[in-house]
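The whole structure should be built from the sequences, with the hints applied where relevant.
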Amino acid sequence: MEKTQLMNKSQKKEPEKKNKSNNPWIIAWRRLLRDKTAVFGLYIIIFLIFIAVFAPILSPYHPIEDFNLSEAFQGPSMKHWFGTDWMGRDILSRVLYGSRISLTVGLASRVVTLSIGITLGALAGYFRGKVDMVIMRLAEIMDAFPNFLFAIAISVAIGPGLYTVFFALGFVGWSGMARLIRGQVMLYRESEFVEAARSLGASNSRIIFKEILPNCMAPVIISTTMGISSAIMAEASLSFLGLGAQPPTPTWGSMMNFGRQYIWTAPYMIIFPGLAIVLTVYGFNLFGDGLRDVLDPRMKD
Amino acid sequence: MEKKEEMLSVKDLRTYFYTHDGLVPAVDGISFNIKKGETLCVVGESGCGKSVTAMSILKLVPTPPGKYVSGEILFKGEDLLKKSHEEMRMIRGNDIAMIFQEPMTSLNPVFTVGNQICETVMLHQQLNKKEAMEVAVEMLRKVGIPLPEKRVREYPHQLSGGMRQRVMIAMALSCNPILLIADEPTTALDVTIQAQILDLMRKMKEETGSSIMFITHDLGVVAEMADRVVVMYAGKIVEQGSAEEIFNDPRHPYTNGLLKSIPRLQGKRKEDLHVIEGMVPSMYNLPKGCKFNPRCEHATDICKSKEPPLIAIDSNNEERKCACWLLEKRRLYK
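Residue numbers (UniProt numbering), protein chains in the order written: chain S, 1 to 301; chain R, 1 to 334.
Hints listed in this document are in silico derivations from the structure and should not be mistaken for laboratory results. Any given hint could turn out to be false.
[Claimed, not checked] Computed Cβ-Cβ distance ranges for the label pairs, DEER-style:
| no. | chain 1 | residue 1 | chain 2 | residue 2 | range |
| --- | --- | --- | --- | --- | --- |
| 1 | S | M133 | R | E5 | 45 to 51 Å |
| 2 | S | L279 | R | E87 | 58 to 64 Å |
| 3 | S | V134 | R | K83 | 26 to 32 Å |
| 4 | R | T187 | S | M186 | 22 to 28 Å |
| 5 | R | Y18 | S | V134 | 19 to 25 Å |
Just so it is clear, CB atoms sit at the ideal spot from N, CA and C, and this is done for glycine as well.
Structure follows, in C-alpha cells:
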C-alpha cells in the first residue's frame, strides 16, 4: 500500500519537474514569490494598477464634473467615504483617479530615464575614451544640481503640465542610470564571452545589445522599481508646488496642495491623498527590496 | 613531407603596445605559416606573445594601446591586416574561429547554449532560427555531448567545464572554419577531460580538414597534437621545426631547457627537476642581444650584444629554423 503511494508520488512529481523551466528569470521570479514582504508589495502594486484601470467603474462620482458647492467640506460619511473638498467633489473618486496620474508618471519617467541612461551609459562604458569622457562630464554637471531643483527648473522652463513632469522627472535621473550601466558594461566588455563573441564575428552593436546588456539587467530592474516610487513622490511634490498636471486634473499632490489651506478645518482633504502616496511608495519599495534580494548576488546572505 | 598548400602565412608581424609605462613589443617580427590540414603548435612561457599572435591574426588586439607596426598576415592570398573592420567580421567565426582558455567564462551566462550556437550560425549563414537550432543540435552531437536535444536548452552554469569546452568547440566549428585557433583550450580542464578534448579536436580536424593553430605551454599537449612546432620567447620565434625535430633534436638552449623541465618517470628518484633559471624578462625592459642570454647557461659575449637571426639550420629543410649564436660554433646536444 505504502509502496504504491510512493510510486504514485514519484510519478506525479515527474511531469512537474519537466515543466520547471531553467530560465534564470523564471527561477528568480519563483524565488521572489517565496518572499512574503515582496509578495505583499506586489499585491499593493497590483491593487493600485487595478484601481487605476477601473477608476471610472469604481468611483462613485466623477472626479471633476460632479461638483456641488452646497456639499463642500463634508467629512467622511456613507455618501462620501473620504469626504468632499472645497468644491464639493468626492475625495474618494479623486483619489482613485489620481492613481492613474501617479502610476503613469512613475512608469513614463522611468522610460525616459532608462532610454537616456542605457544609451549613454552603454556608449560610455563600451567605447571608453573620448565618448566616455564627454558623457561622464555631462553626467557630473547633471549631478551638480540638486535633482528636485533641476526638475522644478525644467518644469518652469517648458511650462507646467503632465508631459513636462514625465520629461523633467525622467531627465533628472539619467546620470545615475548611465553610471550604473556604464559600470556594468565596463565589467562585461572585458569578459571572455564578449571576446569569444567578437572572435566569432559579432559586431559592436550586437555585442552591446545581445551579449552585454542582458547581463546588466538585474541592477537596472532593481533601480527602476525603486525609482518608480521616488518618481511618484517627486510628482506629488511637483504637483504640490503647482508645477505638475494642472487643475482640475486630480493628482494626489495637487489635492494635498489645495487641502493645505484647510488642514485644521478639513484634514481629510489632505490625509487621504497622503495615505494613497504612502501606500504606493510603500508597495514599490517592498517589491524593490524583494527584487534586490533575489537578483543582486552581492546582497545575498 | 610533401609540399602542402599554405593556409596562412604570417610575415614579419610586429604587434606593439604603447602603454603609459613604455613600449611593449609583445610580438616582434615573427614569421611562420600554417599549411592545409596541419596542426601548428605555438609553445612558450606565459607572456611570450603567443596569445597576442593569435589575437593579431583575427585582428582582435585592442587598438590603442596595441598597434600592428609592420608585417602582413596572408590568408587565402589576402592580407588580413589591410582588411576593414566589416570584412574582418565576416572572416571571424566563418573562415577563422577561435577557442579560448576559459570554458567557464567564455559562454554568456544569460543565454542557453543552443541559443549561443544559433547566434553564430545565423550570423554567417542564411538560416532561420529553426534551421540554426538543428545545426546547433547536430554540432553538439558531433562534439560528443549526450542528449544534445536536451542540452541545447540548458544554460552554461548547468554544464561542467569539459562540457562547456565542447560547446565552445561546437560553436567555433559550427560554420566550418578553415582555420581554428585554439588558445590553451585545455589548460583549465583536468587531465582526463584534457585528453578527451584533444581527441575530439583531432577527430574534428580529420573530419573537416581544417588547420589548427594550437597555443599551449604544455609540451605534453604539443607531443600529442603537433605536426609542426614554433617555440616563442619574449615576442620572438627562437626555434621552429617538425614535432619530431623539436623533441628529438632541440637546438635552442631554451627549447632544450623546456624539454628538460618535463618530469620523467625514468628519472632517478630524489633528482631535482630541471628548471630554467631566472624569470621571463620584463617586456618593458628587454635585455640587449639575445633575449634569452641572462638565463642561458651557454651565453657568450656576442649573445649579450647582438641578436641572433632566425636562420635555416638544415639544408634539406627550409622550415627548420633556429635563432642562436651557438649554432655557428657547434651542435648543441645536451
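For this structure, which hints from the list above don't hold up? No numbers; nothing is violated.
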